[in-house]
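These protein sequence lines are chains A and B, in that order.
With my numbering, letter number 97 in the first sequence gets 97, and the count goes up by one each step, no holes.
With my numbering, letter number 141 in the second sequence gets 1141, and the count goes up by one each step, no holes.
Among the clues, some could well be false.
Stated by the list, open to error - Think about it this way: if two alpha-carbon atoms lie no more than 16 angstroms apart in a straight line, the pair counts; the simulated EDC-like pairs of lysine to aspartate or glutamate are:
(1) A:LYS231 - A:GLU476
(2) A:LYS380 - A:ASP309
(3) A:LYS228 - A:GLU23
(4) A:LYS380 - A:GLU306
(5) A:LYS228 - B:ASP1035
(6) A:LYS228 - B:GLU1134
In case anyone wonders, no lab produced these hints; they're calculated from the structure.
Keep in mind it's a predicted model, so treat the numbers as computed, not measured.
Single-letter residue listing:
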Amino acid sequence: MATMAESIVLPDASAGEHGDPREHLMLDPRPRGEMNAMVLESMHKTSKKFWGVVIFLVLTIAFALVGAWGYMIANGMGVTGLTRPEYWGIFIVNTVFWIGISHAGTFISALLRVMKYEVRRPFTRAAELMTTFGLVQAGISIFMHLGRVWLAYWLVPYPNVRTLWPNFHSPLMWDFMAINTYVIASTMYLFLPLLPDLAMARDRSTGWRKTFYRIISLGFRGTEAEWKHLKAAMNIFAFAIIPVMFSVHTIVSWDFAMATRPGWASSVFGPYFVIGALQSGIAAVLIVLFMIRSTMKNMKYFIRPEHFDFLGKLSLIVSMAWAYFFFNDYLVPWYGGDKFDKLLLDFHAHGPFAWVWVYMLIGNIVIPWAILWNKKWRRKPWLMLIVGIVINVAMWIERFVIIPVSLTITRMPFTWRLYHPSIEIPLTIGTFALFMLLYMLASRLIPMVPVWEVQEGQNAHTLRKVGKAEVTSVSEVD
Amino acid sequence: MAETVTLLALFADIDPTVKAIDKLHEMGIADNKMDIISGIPFSHEMLGRPKVSTLVPRLAMGGAMLGLIAALFFIFGIPGLFPLHVGGQPVFPIPPLYIIGFEMIMLGLMGTAFLGLFLAGRFPSYEPKVYVPEISDGKIAVVFPCSDEMQPQFTDALMSLGAEQVRPVEAKTL
Chain A
1 MATMAESIVL PDASAGEHGD PREHLMLDPR PRGEMNAMVL ESMHKTSKKF WGVVIFLVLT
61 IAFALVGAWG YMIANGMGVT GLTRPEYWGI FIVNTVFWIG ISHAGTFISA LLRVMKYEVR
121 RPFTRAAELM TTFGLVQAGI SIFMHLGRVW LAYWLVPYPN VRTLWPNFHS PLMWDFMAIN
181 TYVIASTMYL FLPLLPDLAM ARDRSTGWRK TFYRIISLGF RGTEAEWKHL KAAMNIFAFA
241 IIPVMFSVHT IVSWDFAMAT RPGWASSVFG PYFVIGALQS GIAAVLIVLF MIRSTMKNMK
301 YFIRPEHFDF LGKLSLIVSM AWAYFFFNDY LVPWYGGDKF DKLLLDFHAH GPFAWVWVYM
361 LIGNIVIPWA ILWNKKWRRK PWLMLIVGIV INVAMWIERF VIIPVSLTIT RMPFTWRLYH
421 PSIEIPLTIG TFALFMLLYM LASRLIPMVP VWEVQEGQNA HTLRKVGKAE VTSVSEVD
Chain B
1001 MAETVTLLAL FADIDPTVKA IDKLHEMGIA DNKMDIISGI PFSHEMLGRP KVSTLVPRLA
1061 MGGAMLGLIA ALFFIFGIPG LFPLHVGGQP VFPIPPLYII GFEMIMLGLM GTAFLGLFLA
1121 GRFPSYEPKV YVPEISDGKI AVVFPCSDEM QPQFTDALMS LGAEQVRPVE AKTL
């Protein structure tokens, strides 16, 4: 029988590098059957509080997303705060933000898999799910921005009676291609390592769950040939999806950088956007891991302070890189002396939205640097939750500053006007609620921890005596 | 004439499994008559088995080529059929070819790698198969056919090498 989360006694989290080796998941193995039971119990046992939150989210979605969007469709885009010169507002901010969030899954899962970072094993699935559901929100947000959403199919290149084809010269069309490639690829990439876990769930389920898992596990058993094909496909995906990930946010940045507007026409926008995506994505993984660990049974065994420590270090490095690109993006127009660029920089720092610009810098640089350098603090999940939230708010604001705030200052001063979002606010709340709802429901259907990967990793780890110390030794098994 | 049964031997670890595979070779069971089913992947080198080939990478390369062809159509075919004049740019622009080409090649590569898994692994497959749920609990199963009268010898040999159980199995719906 699975061990209840409350009964799991973990070694002292502050034990440090030479503390109890059992603080590392890979050096604290349990029988596979027990780990399977722990993961399944976390999926099957659902509290009333869980359903209470689900009902709250469904109601929020009904009013804030479905209701508000229906109202906008019925009354037109005039109900938004979009008008000259800010034709792009919070819908585009949300699109860029959610695509950024979606980068974490690929980065954490694919890049760490390619680099053989063992620490990745228990939380790759949580990150991959974020990618898929983040992209759903990005898609919804861009559909909101379309206004006449029922004509969205005009983006699809197919012969039609209007003899109109999408313009492949346009960055927006490149974006459509890149995001669709990423949506399809990341969904398939989520499914591949899930297959053995679905087979495991099939073997231990009854009723409708048995039928469900039997169908989606496709008849997987774990023969040598099946593993070979699966590993080959996973290997191809792990390598191929990384450049696609980089391309997606680079192309998103070109939606802005290809326009000759103050604040947008920047050759550094591609890497600046990619690093921003990683900044928000890794911070979002911190939030998700905290929620999984604290709300799902038995997850304290799988998600440990060492994982927050690792992600904290990663977040610190990415935060430094973000600061570097931000400064690049700031310095060149400041030095260049173009009148409207200077006006825009002044507007950012001293205009009515200066407080959000300042928060962006505090949330993306000051707070991560002040906290994440300290190993003890990085190992405190509640503190990492706070850092994750602070960074994500700052990264949402970064996109807000880049899009509607920067659009305020055009080369035609008579058009200058402040952006005042209206129906965009409930719609934004709606997308966040939908993301949470999808994630919560998925956590009841999909094993949140890739148990087979954890077992594979635990088999590869041993302790070896070097002098008087015991050090971790890892065999390369995959 | 002796009946043929399918025997399934369950092992807790890879070392006794490998010894059992060697023993089965000695007892006349060829590699192509044996199946190893496990809850985590083991390489053929670890198991001492012949290399298993997979079509997935080759299919993926074919998909990448299809992606390139689609990209060429989007970049050269469509503007040829419906020319769009964008300020200062040629009708057949080269830089966007790299972008559309890259995305389509990657989509083709990964899409066919995914479909390749279905083709090569013959998924989905819901017909009855030899399997026991203990495999996804981390046990390693060695499955092989043997004659009815040889069953005790195989059972004794594998139990002495550390098998947790050896039993005849039939294919059943998973």
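For each hint, the structure was consulted:
1. A:LYS231 - A:GLU476: 15 angstroms, holds
2. A:LYS380 - A:ASP309: 8 angstroms, holds
3. A:LYS228 - A:GLU23: Roughly 32 angstroms separates the two Cα atoms, so the pair is violated.
4. A:LYS380 - A:GLU306: Distance of about 10 angstroms is within 16 angstroms: holds.
5. A:LYS228 - B:ASP1035: Within the cut-off at roughly 13 angstroms; holds.
6. A:LYS228 - B:GLU1134: 21 angstroms, violated
Checked against the numbered hints given earlier, the structure breaks hints 3, 6 and satisfies all the rest.
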